[in-house]
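> Protein chains in written order, with the working numbering: chain A, 1 to 187; chain B, 1001 to 1172.
One should not assume that every hint holds.
[Claimed, not checked] With a Cα cut of at most 27 Å, we get these calculated DSS-like pairs of lysine-lysine: (1) Lys1040/B to Lys160/A; (2) Lys8/A to Lys50/A; (3) Lys50/A to Lys1040/B; (4) Lys160/A to Lys50/A; (5) Lys160/A to Lys8/A.
[Claimed, not checked] Which residues of chain B face chain A? A few of them, derived with a C-beta cut under 10 Å, are: (6) Ile1010; (7) Arg1099; (8) His1123; (9) Glu1150.
None of these hints come from the bench; they were simulated from the model. For every residue, glycine included, the Cβ atom is placed at its ideal position computed from N, Cα and C.
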Amino acid sequence: MNDAGMLKPALIGGVLLGILSALPVISLFNCICCAWVIGGGILAAYLYVKDSPVAVTLGRGVALGLMTGIIGTIVSGLFMVPLFMLWNRGGVGIMGQVREALERIPNLPPEAEESIRALSERGGMDVLFFATSLIFMLGTYCLVAMLGGAIGVAIFERRKPNSTPGYGPPPTPEPPVNIPPPPPPDM
Amino acid sequence: MKAPEHGIGIYARFLLAAAWGILCLSFTAAPVLAAHACNKTAAILYLFFSFICHQIPERSFLVCGHTLAVCHRCSGIYLGLFLAALIDLSFIHKSPRVRRCWVLAATVPLVLDALLPCVGLWHSGDLSRFLTGMLFGTAAAPLLGRGVTELLQEAPWRRFPFRNLSLKGGLS
Chain A
1 MNDAGMLKPA
11 LIGGVLLGIL
21 SALPVISLFN
31 CICCAWVIGG
41 GILAAYLYVK
51 DSPVAVTLGR
61 GVALGLMTGI
71 IGTIVSGLFM
81 VPLFMLWNRG
91 GVGIMGQVRE
101 ALERIPNLPP
111 EAEESIRALS
121 ERGGMDVLFF
131 ATSLIFMLGT
141 YCLVAMLGGA
151 IGVAIFERRK
161 PNSTPGYGPP
171 PTPEPPVNIP
181 PPPPPDM
Chain B
1001 MKAPEHGIGI
1011 YARFLLAAAW
1021 GILCLSFTAA
1031 PVLAAHACNK
1041 TAAILYLFFS
1051 FICHQIPERS
1061 FLVCGHTLAV
1071 CHRCSGIYLG
1081 LFLAALIDLS
1091 FIHKSPRVRR
1101 CWVLAATVPL
1111 VLDALLPCVG
1121 LWHSGDLSRF
1131 LTGMLFGTAA
1141 APLLGRGVTE
1151 LLQEAPWRRF
1161 PFRNLSLKGG
1171 LS
């Protein structure tokens, strides 16, 4: 399978993880060890291994996870924009969501909450916060989806790789097929 | 499948160890910063980690009187990933079967520890959550290490056409 063959499974895994991670209640499942993100990576690896005629290496799994993480972040970001616009229309806005999230954080000192509140009242913080969370998401999603891709390959790939580049002994040359047998030795 | 580790392998492992180390430092820094009145940074760290962890106080370790920014299980996973990235565990790549058994043996305790309390068959404590998380992290790290090594060796970005592009013309 070539690099182009990686795009379809990465797209399926990435779009799924992006949508599920952006939806308001369903995204809470990510709180269980980034379940949607690892799941997206594993799904992409499963789809790739299933259609690959040769044994898939862990390197391919990691590359697939990386692609899935990037696609997932883009899709999640695209889904979050209309959601935030809807919240803005309802009078809550991104910083309103941040304030709500801060209230849920345990043991946060009141001074910390107060300083974030003061920060959130400044103009333009919505865009800055959105951009910063996207960068954080990109880093975390890529790392965790790479892990998912590697785990997926480890679980679903049962074939032994013939020659992984850079690993193991060099492949032994096969003997030529159509060679006449040697003449019998003269006695 | 087993191969001696060489330069790129060590480089990949330490690259990953640095990434997981930064993550471990960040979630540990949140309570320490909160205790030392660096409230803004602490709040931002808590907020970002709230995207990837439930942060329930009863399920998180206390440091300097404040909870870590992630729960017992997540701190175990990240610490396992960090520590296992520092050591060479290449024996798991002996065959696909060994690798699969290794991954399943580390994942099953984590899943059981998370699911069995839901049906009342097991009560997971701080230590069981942390240890099963750490076991999973330790098992996953060599997979990621080998994967990143293979990716760096294969270097698929070298095949992109933009490498052959060059600026033509100029001022002179």
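> Going back to the hint list, which numbers does this structure go against?
1, 3, 6 and 8
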